[in-house]
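2 protein chains.
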Amino acid sequence: MSHADKVNFREKLSLFSEHWSPKVIGRLNDYEMKLVKILGEFVWHTHEETDEVFIVLDGTLTIQLRDRDVVLGPYEMFTVPRGVEHCPKADEEVSALLIEPRGVINTGDAGGALTAPYESLIN
Amino acid sequence: MSHADKVNFREKLSLFSEHWSPKVIGRLNDYEMKLVKILGEFVWHTHEETDEVFIVLDGTLTIQLRDRDVVLGPYEMFTVPRGVEHCPKADEEVSALLIEPRGVINTGDAGGALTAPYESLIN
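As you go down the protein sequences, you meet chains R and U in turn.
Numbering-wise (the numbering used here), the first sequence opens with residue 1 and increments by one.
Numbering-wise (the numbering used here), the second sequence opens with residue 1001 and increments by one.
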């Protein structure tokens, strides 16, 4: 698929099933749009260099912050500000769109077993 | 609303009715997320300095390019590459999310009567 094709989120979501492993499905200058499936609890982590946008497509996502929870349903968006520790969780599977600069690591400063490889569903 | 609140697209869409006038509803570093309502045909224009992302929330949007049309329904996304002339149109009202760097003018190089003022629905 070239840069110049449209992206259907449902079609792209049908191409993978693993959780916590964002797939690049679009680009905007030096930013990337990624689809991710979420189930269970992630690790607490911080992106020191960038904000990170979550847009929920299906399900209910809780983004735990140290001082409160942000609960997102479909057509809801939240920007985690740079430097703010957060930990996403979902009791049932969630599909979400992430927007962030190219090269952001999903586990941020935390690293560990949930660190996902760079995977793209576009050319 | 502060940077740290979530955004519900439906709630924000209920706050305005005019067409072709994007409203900033979120930020990501030096980028902005904007909601826009679209009806009829826009002007042909180009953004020489940046790509521009369209994500359709409701309705069917046609992004006319000089060599083809890109037709987007809900949960579909298209990145108009920088420098590519385009003209959105919709026979029935469309709601869409735009993502682009702060300060992009809706009519790009074309200017004219459809050039929208900078409006934000966040603080």
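Since the hints were derived computationally from the structure, they do not count as laboratory data.
Being a predicted model, the structure only gives us computed values, none of them experimental.
Treat each hint with caution, since some may be false.
[Said to hold, decoys possible] When the alpha-carbon atoms are kept at most 35 Å apart in a straight line, the in silico DSBU-like pairs for lysine-lysine are as follows:
| id | chain 1 | residue 1 | chain 2 | residue 2 |
| --- | --- | --- | --- | --- |
| 1 | R | 6 | U | 1089 |
| 2 | R | 89 | R | 6 |
| 3 | U | 1006 | R | 89 |
| 4 | R | 89 | U | 1089 |
| 5 | U | 1006 | U | 1089 |
Tested hints:
no. : hint               : verdict
1   : R/6 with U/1089    : holds (16 Å)
2   : R/89 with R/6      : holds (30 Å)
3   : U/1006 with R/89   : holds (16 Å)
4   : R/89 with U/1089   : violated (39 Å)
5   : U/1006 with U/1089 : holds (30 Å)
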